[in-house]
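Asker: As a plain string of letters, each chain reads:
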Amino acid sequence: MDELSIKDTYTALGLSDFEYDRILELMERPPNFLELSLFSVMWSEHCGYKNSRPLLSRFPNDGPRVLQGPGENAGVVEVGDGWALAFKVESHNHPSAVEPYEGAATGVGGIVRDILAMGARPVAVLDSLRFGPLDEERNRYLFREVVRGIGGYGNAVGVPTVGGEVEFDRSYSGNPLVNAMCVGLIRTEDLMSAKATGEGNLVVLIGSKTGRDGIHGATFASDELSEESESRRSNVQVGDPFAEKMAIECCLKLLEGNLLVSLQDLGAAGITSSASEMAAKGGVGIEIETDKVPLRESGMEPWEIMISESQERMLAIVEPDDIEKVLALTERYGLVGVVVGRVAGHGELRVIHDGEVVGGVSAGHLADAPTYEREVVRPKYLDEIPKVNLNKLPEPDDFNEVLLKLLGSPNLRSRHSIYEQYDHEVQTNTVVRPGADAAVMRIKGTKRGFAATIDGRGRHCYLDPRGGGAATVAEAYGNLSCVGAEPVAVTDCLNFGSPEKPDGYFQLAECIEGMAEACEVFGTPVVSGNVSLFNETDRGAIFPTPVVGMVGIFEDVSRHATPRFKREGDMAVALGGVGSEGVSLAGSEYLSVVHGEGSGSPPEVNLAVEKKVSDLVRGMVRSGLIDTAHDISGGGEVVAVAEMALAGGVGFEYEEEEVGRMVEGQGRGRADLAFFGEESGGFVIAFPEEKWDDVQEALGVDGIAYDTIGEVGGDRFKVGNFIDLPLSEMKEAYERDLFE
Amino acid sequence: MNIGVTIFPGSNCDRDAMRAVELVGATPVQLWHADPDLKNVDAVIVPGGFSYGDYLRPGAIARFASVMGEVERFANAGGPVLGVCNGFQVLTEAHLLPGALLQNMNLRFVSKRVRVRVEARDTPWTAACESGEELMLPVAHNEGNYFADADTLARLEDESRVVLRYLENPNGSANDIAGVCNEARNVVGIMPHPERVSDDLLGSDEGLKILRSVLVGAGV
Amino acid sequence: MPETLKIRVLVRPKRGILDPQGEAVRGALPALGFDGVKTVHVGRLIEMEVESADEVEAMCERLLANPTVEEYEWEVVR
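Chains F, P and H, in that order, are what the protein sequence lines are. Residues 0 to 739 (numbering that gives the first Met the number 0) are what the first sequence spells out, left to right. Residues 0 to 219 (numbering that gives the first Met the number 0) are what the second sequence spells out, left to right. Residues 0 to 77 (numbering that gives the first Met the number 0) are what the third sequence spells out, left to right.
Careful, some of the hints might be misleading.
Claimed, not checked - Pairs of lysine-lysine residues, derived as BS3-like cross-links and limited to a Cα-Cα distance of at most 27 angstroms, are as follows:
hint	chain 1	residue 1	chain 2	residue 2
1	F	Lys730	P	Lys111
2	F	Lys386	F	Lys500
3	F	Lys565	F	Lys6
4	F	Lys565	P	Lys38
5	F	Lys446	P	Lys38
6	H	Lys13	F	Lys208
7	P	Lys38	F	Lys324
8	P	Lys111	F	Lys252
9	F	Lys565	F	Lys379
What the hints assert, rightly or not - Away from chain P, derived, C-beta distances all over 12 angstroms, residues of chain F:
hint	residue
10	Arg120
11	Ile247
12	Ile351
13	Glu419
14	Thr427
15	Gly539
16	Lys730
If you are wondering where the hints come from, they were derived from the structure by calculation, not from laboratory data. Each residue gets a CB set at the ideal place from its N, CA and C atoms; glycine is no exception.
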């Protein structure tokens with residue numbers, strides 16, 4: 000290659016001049032094309048975290064229940080009774096923008112394999128989705144197909160999709176976010192690692208055959224979306240949930256028989272990343288014989304085989320004595336099972352084809368992508384966000400209409416038309432099905448259980464990156480507390496625009512700072528995660544959208560709460576609310592839905608008070624005092640109470656006096672502010688009247704603000720003279736199909 | 000009593016079915032698709048899932064699995080067989096039950112709890128239910144839209160072979176059919192998943208009535 | 000080496016059987032500006048290479064189509 004074509008080649012592979020020079024320096028010779036390909040995929044943002052690694056070190060990673068922090072395929076926390084949970088969230092944004100069904104499906108497939116690689120049985124999937132507004136045909140198409148893809152894959156592999164969230168905003172038009180989280184269950188002593196050890200041990204490829212799909216997917220995921228990416232459709236992999244189901248059962252059987260030294264899934268950058276990471280972790284080398292890899296199409300070059308992203312494949316390290324048993328099992332499950340290489344002492348990822356060495360790079364060098372630290376500069380837009388001017392905001396005449404409009408708005412409407420397309424009960428562990436603040440799962444054979452939630456607050460993070468980052472963690476903490484689970488750890492997916500632009504880098508740095516602060520206060524370390532940068536189109540960057548997946552545990556899973564009103568005559572109490580200035584319309588759903596505005600900086604989050612309120616609610620659930628709780632989130636208090644009535648199919652009446660107090664107090668004279676104003680750290684709980692004394696005693700302890708707000712019953716929803724609606728009419732607005 | 004549960008590649012409710020069998024006090028026995036051996040079981044459950052990935056048509060490939068020849072022999076000899084969801088699809092493909100299960104009318108996978116009525120209790124899989132009893136059972140399928148030609152439907156109704164009927168039809172099934180039995184009434188196919196409502200912690204244990212029925216019929 | 004024949008099997012819903020998939024496509028076409036579409040049926044195309052066409056009919060009957068709800072036709076492709 001002459002100099003010009005060398006530059007063309009590494010540029011086309013997504014490497015910068017600086018990075019190429021670094022490669023020369025590390026290798027002390029020019030790389031051949033295969034070696035350059037290995038670097039290009041391993042040094043992409045997706046695999047190498049070159050823009051985010053220095054910032055990610057800000058997260059706390061350790062805690063009393065953490066068995067495995069970042070660095071493996073998933074984080075692991077201890078549950079008790081010998082059980083542990085492995086969990087992680089990952090993005091599949093770019094593939095889903097181009098081919099939504101397969102993009103979303105393979106996103107689920109990938110995260111399920113990450114959990115499997117830890118040795119755990121995948122037991123729950125959750126998704127966080129973002130799309131542009133549904134008035135655009137393309138967004139409707141993306142939304143419909145992404146949901147179909149998640150169901151198509153998750154339903155078939157037999158892992159229930161138990162929770163998730165979706166929001167619509169113009170900033171995601173053309174650049175949807177598809178984040179999938181998986182939780183797996185494992186005995187602590189069976190925990191697996193991706194660390195390759197033992198010179199002479201065999202490298203076994205398990206699963207599907209290898210084709211040309213997804214070549215350079217990792218570099219694709221680290222690029223901005225353009226017209227051109229539409230034409231890169233061939234980059235998108237096609238999923239085969241049937242093969243994955245077989246791979247799950249086969250690998251669990253292999254692990255049960257103690258037949259594996261280590262296990263790793265093949266994701267972005269295929270064999271290259273899996274083998275080099277396994278080698279780097281174990282401080283050994285790995286040799287791969289590409290001609291041994293079973294292929295789906297003929298004429299594939301060694302470099303193509305090395306970076307192919309064909310789905311449903313796992314890489315295992317096996318001791319030679321066990322190999323026959325391993326291959327017998329892969330055959331029983333109808334899977335590819337082939338020895339494709341061995342562990343070596345030389346520290347390199349060495350590629351051999353037809354007996355000849357065709358390339359070799361130190362595994363350590365591949366794992367050590369250069370990192371970039373940039374200056375954090377406050378963007379101008381933050382100082383130009385208009386304040387909400389209440390004087391210019393007309394108060395609505397008809398509050399019935401406002402409530403119906405809010406309940407029917409795409410961001411607040413019931414998600415039943417989504418989750419009814421997902422099998423959420425297979426494996427028979429689902430105690431609280433989708434639609435609650437968090438999913439609750441039991442652990443068979445014990446009294447224990449766990450809860451999981453996934454949350455993102457894009458608009459908040461745009462208006463106030465640090466506060467929004469903290470509020471995202473707080474929301475997850477609140478959601479788990481409200482079902483009664485003790486929050487233990489976090490997995491995060493950082494969806495941002497380009498870090499090479501100052502605004503994008505600032506948002507990334509500040510959101511991480513806010514999240515890290517919150518994780519410290521809440522005692523919920525970050526144990527795994529994923530980064531998706533360059534989420535931009537020609538219309539600009541997405542809202543910075545860090546997504547937080549959090550798991551919590553129950554010692555007694557029968558003691559949990561749901562938002563649904565359960566009994567006529569129950570009393571309801573609103574408590575908490577920790578904003579310094581009380582509720583606010585800044586950045587609220589009400590402002591956006593009713594007045595078409597997205598202005599103002601949302602109220603600051605007081606993390607310490609927020610923790611206190613959440614812990615109090617959780618304490619009441621765990622002691623069996625209450626079984627009905629819901630956090631006050633988008634739409635404010637009245638929408639929260641309406642959701643509880645709708646979920647229970649029973650009406651609710653606010654106390655006359657309370658309505659007056661609300662309007663004068665938190666509404667400062669305005670009913671819309673009082674009813675629909677938002678702040679974090681607020682909850683509504685309900686309980687039979689005879690428990691009131693005990694509830695009051697519990698509430699009194701911490702000096703937290705609370706009010707009795709009204710009584711459950713009847714078939715209407717009444718808020719003083721402002722709102723009086725039959726539940727059936729609200730239901731019609733709230734339950735309208737999102738795909739119509 | 001030993002109840003066999005068939006396992007095809009892609010079955011995903013086999014473990015749930017085995018657990019529910021244990022909960023009603025019977026012994027579950029795995030029946031691997033490649034082994035033509037029913038291991039002397041007293042009844043067979045063909046569980047839900049996506050056998051062979053649902054490729055071609057749900058159930059179309061599974062019906063030719065080695066174990067299915069034995070299941071057919073067992074069924075034709077009067078042995079109690081229950082197909083749940085994908086299992087129902089397999090049994091229609093194997094012609095052990097009439098009709099076919101088409102894609103849901105709205106072309107969407109549907110997963111929710113639906114109310115069904117027990118229309119016939121003279122089968123080994125409904126004997127423990129009351130006649131006309133209403134049950135709330137989960138469905139989770141993409142192809143649950145029961146179809147049979149008009150003559151077959153009329154015959155099913157005349158012979159009281161509609162075993163379960165939806166009170167709210169989730170998929171467009173003809174005559175709101177959620178489950179049917181064969182002429183000899185020993186083979187039953189249902190779309191809802193009784194094994195999923197097998198514990199109060201999961202909201203109800205109503206599904207166990209279906210599975211317990213086979214013990215009642217056997218006089219256990 | 001025995002000659003291989005290319006076989007193309009077309010499977011579609013039986014006439015008169017409700018075909019919601021076909022209906023959905025028919026409904027979507029006018030929205031894209033394709034007018035005058037009267038009916039749409041969605042079926043399945045299966046291509047095979049076989050040594051002899053003798054058993055294709057049986058393959059269709061037993062596996063490739065479900066005669067309860069589907070009809071089929073097949074041809075040898077040159």
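Asker: For each hint given before, does the structure comply? Return the numbers of the non-compliant ones in rising order.
Answerer: When the structure is compared with the hints, numbers 3, 4, 5, 6, 8, 9, 10, 11, 13 and 14 turn out to be violated.
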